[in-house]
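Trainee: As they're listed, the protein sequences go chains A and B. Under this note's numbering, residues 32 to 714 are what the first sequence spells out, in order. Under this note's numbering, residues 360 to 685 are what the second sequence spells out, in order.
For the record, the hints were derived by calculation from the structure and aren't laboratory data. Computed from a prediction, not measured in an experiment: that's the story for all the values here. One or more of the hints may lead you astray.
Chain A side only, calculated, beta carbon under 10 Å to chain B, not exhaustive [to be verified]:
1. Gly118
2. Met135
3. Met192
No residue lacks a Cβ here, since even glycine has one placed at the ideal position from N, Cα and C.
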Amino acid sequence: MTALLEVSDLKVELPGGLRPVDGVSLAVGAGETYALVGESGCGKSMTALALMRLLPEGGGIAGGQVLLSGQDLRALTEADMRRVRGGAMAMIFQEPATSLNPVMPVGRQIMEALARHGGPGGAAGRARAAALLAAVGIPDAEARLDEFPFRLSGGMKQRVMIAMALAGEPGLLVADEPTTALDVTIQAQVLELLARIQRERGMGMLLITHDLGVVANMASRVGVMYAGQVVEEGGRETFFQAPLHPYSRRLISALPRPGAGRLETIPGTVPPLGRAFSGCRFSERCLEAMPRCQTEEPAWHGPEGGHRVRCHLYMSVPLACPTSVVDAPSPPDRGERVGVRGIFPSHPPSPLPSPRTRGEGDTLLAVRDLQVHFPVRKGLLRRQVGQVKAVDGISLTVQAGRTLALVGESGCGKTTAGKAMLRLIEPTGGQVLFAGEDLAGLSGGRMRALRAGMQMIFQDPYGSLDPRMRVGDIIAEGISALGLEAGREARERRVAGLLADVGLSPEMVGRYPHEFSGGQRQRIAIARALAVQPRLLVCDEPTSALDVSVQAQILNLVRELQDRFKLGYLFISHNLAVVEYLAHEVAVMYLGRVVETGPVRDVLSRPRHPYTKALLSAVPTVEPGGRPRIILKGDMPSPMAPPPGCHFHPRCPRARPLCAERFPEETALGQGHKLACHFPISG
Amino acid sequence: MLAYILRRLLHALPILIGVNLITFALFFVVNTPDDMARMQLGIKRVTPEAIARWKAERGYDRPLIWNEKAEGLGKATNTIFFAKSVRMFAGDFGRADDGRDIAREIRMRMGPSLAIALPVFLLGLYASVSFALLLVFFRGTVLDFWGVAACVALMSISSLFYIIGGQFLVSKLWHLVPISGYGEGLDVARFLALPVIISVLAGLGSSARWYRTIFLEEIGKDYVRTARAKGLSELAVLFGHVLRNAMIPILTGVVVVIPLLFMGSLITESFFGIPGLGSYTIDAINAQDFAVVKAMVFIGSMLYIVGLLLTDISYTLVDPRVRFER
């Protein structure tokens, strides 16, 4: 069988001598999903754009061959290539929010693609577009044709993108991080849709993602990319059972999982695109590197079309029996990781830090019935006509030395709740006690003094540091504002100490934030927060903008700091794997309310609320046979008009009439596990 | 929508009062009513009595903004500020110092002003958008480079140079059109051709360069990549997707000046001797005629506020995301 898409030795050049793709070869068969996985900056997206010949201006294909159904795409004229784009080969992109034309109704955007590729126009085209929207699971498709993109939720927009891509009935779909910008429950919907469409149409799919969980759920074949090259390739099962390349193995073991100790990290970062390499590109970050790795570029080992790897460790080893291969070159402890259950060790969960040291377990933050309502104003006199109940009565406690995770999908109010607890937003009602002191109505001076005790780390390490301030000044600002250290020298010593604490070199004080990578910036943000010796840290999605290997570094650091300083964490996250790894307690939020709370191991291993269960099942995991998938219907409703009764009932598989009438009371299940549901899942 | 427009118009009132106060203050900081009388009467006829009579005839014998001697409300109303500035809110512009009715003058001069400003506006917009699109289509090529260089050259030269150069070449040397003046009926076209062309040329460089930047910014966006991924041709992408999105920022700068077209152009009208509102304003400033100056500033600021309102309304026409529920 000849493959649908055959790429051989593809090289891409960008202005400035950059080589984001340097000799990529892969093949995608009809009806097959080939997942290209790797960290940011590995050249995955550039590979996809090169296939479409849509590289950024000034960039171009510098070498290699791209065959689509035997046709050489590089040899086509631009006009012929346009017929291929959206015709034989279509592409969907990462950001559904910006990838649709904001001022054109979605129906017209689909009809445009139809008309371009020989589809019907006029009324027939409209009917065809509606049929496409219905096929991607958009209810009331006919009426939706005239909607503008901003009216649709993120998941709906991505469905429209998929419908648009299907308009030309492509044989190959290139999906570039199609679900990265979406919530897990929506991601589960979209992934299922993609898999169904592919099955029905027998399409080939090139799926580009950084999320190994998505790969494990979607791919038939996996290619791991590093620094512009594919370094390992294989079928899904063989790959996840026995990843061969040290990079792949480290990538997988950097994933947070419950009960694990220190996460494995990959030292350093992906090398810059412009430089020349001698030898293996991963060698400088590889713990198994040998002298020859520095000088000699590794060749492929293993059968073409089978499981093969580009690494010197496999020079002399036949690849017939992968387990022994993995054992052979690995350090001893590495071997046991590759067991029947895949690479995951079956460690017993580490005991909770039980012997209480001084201060640990003290209640740091107690929140009672916190509410944040935003007024909605309308009309000539700006009268208030309603309110958005972003946070609608939540109660939590954070203890010193412990981590409470606040989880939920975007728009559930978790960030607002976090900010309201620190009085960065004024709460509408309820009580926030920090170390026994009620924050509401505190004077400015007293509040400032208390601020030293509680700090926040934000999601976006690129936007949350002042780009015009030196790192040293960023960290020292809080120290001098609160008058913690007298004299410049003492302050400088303190800053240097803080930088060392977060794993940065004290010489970096004079640099500006843009000189640092994302992970380093997040370290700076942590140092800034620690500078005033807080007892409570509110971490708002601190790792969601980072790559897996960097995420592991930050999570390790966050844990170490907690152990050292007995910090209490309020950890706001949508990533349940991170929460499972890091938190002691968890509170699950849905539309401004906490629906289930309790110790992490209780709540996440035996969820009683249907929402918690659905949320958990939607997370794609790399573990074989994971949890059975529950796909929730529809999107989260708007907090402007939440459904009556239990907010979750319109999407709940267990809902009964009572759920639409009354919000369920919170019931205690013992051991701090609390639940708000009329018909909980029996434990 | 109606509520929104009403609210915006209510906001305009304090702005207009402020504009009046500032115009009044600025004018009478540098002039006194006596200066105005001397200027009007001419040096030979100036006597204290003549000045007093001139001021009494035109109502400049009152205090500026506060009348101590008057009774009750008269303390505020029996002043130059109230008589000359505040009454404009009732549509009463009063008379110019030479005795002519300002309102009538404005009505008469509006036509010539529009006759030149409107074609300049439309042709200028058309020319600069087309030129910018052309540069964007050929972006990164030699044509783009020299196009931008031409834009920079065009915008670096003073508009006075275009006017004088144009008059010299086209009118004096080639005798194609009259140097200046204004006519009746179709004859107008002969007088307008040169000022319109020169004004369009003078504005082309800066706006085309600016629009090019806007287009280039739009072209780098994700939805354009999506449109290309559909297999659309570059022209279809440019006209079908980029143009409408780029019109949103372009509108900000463009719609706001539409009402101001009625005011004409100060320089062009003066140089080409066109009896519009622009030359009227210049003449009034030279003659220190407060009545005309404050009337023109008042109308100008009112039109500007209307322009801002029109800008916001026009957003709702091109951008479906903008609605008035704010």
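Trainee: Against each hint, give a clear statement of whether it holds in the structure.
Mentor: Hint check results:
no., hint, verdict
1, Gly118, "holds (6 Å)"
2, Met135, "holds (7 Å)"
3, Met192, "holds (7 Å)"
Violation of the numbered hints given earlier is absent; every hint is satisfied by the structure.
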